[in-house]
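S.K.: Sequence:
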Amino acid sequence: MPDLFSNYINNLVESVLSSVSYQSLSAKDKKSLSKTLQEHFWEMAIETFLNRINSAQAQELRSYLKNPRQLEQKMEQMAATTAGLATEIQERLEGETERLKALGI
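Residue numbers for the sequence shown follow my numbering, so the first one is 19 and each next one is one higher.
The set of hints was computed from the structure by calculation and includes no laboratory data.
Keep in mind that this is a model prediction, so the values were computed, not measured.
Built from N, CA and C at the ideal position, the CB exists for glycine as well.
Be a bit skeptical, because a hint or two may be false.
What the hints assert, rightly or not - Okay, the calculated beta carbon distance ranges per label pair: (1) Ala74 <-> Asp47: 36 to 44 angstroms; (2) Val38 <-> Thr99: 36 to 44 angstroms; (3) Ser50 <-> Arg87: 22 to 30 angstroms; (4) Asn29 <-> Gly122: 33 to 41 angstroms; (5) Ala120 <-> Glu65: 19 to 27 angstroms; (6) Arg80 <-> Lys46: 29 to 37 angstroms.
With the hints as extra help, turn the sequences into a complete structure.
M.R.: Here it is as structure tokens:
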């Protein structure tokens, strides 16, 4: 499942930016906001991981922070093997997506 998290987060960002609340933004503003939203969603996903995994797993995850590709692969592996983790991440990010859509600009 390569790029599972990246694709998922990109879809969430697109969902926010295509909502009625953000339609009036210029292409330049949408591009800037897209980067901010991607970072925000990634931070939320990583935070959720760190809150759910043990200290050895957290240390292992931290060792990949300088290599986003390996970090994503490790996150995919952990999400697949840690009971309920993928669901928790999904619920958290989708809830945030809905809040951002409602908030608007």
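S.K.: Which hint numbers doesn't this structure obey?
M.R.: 4
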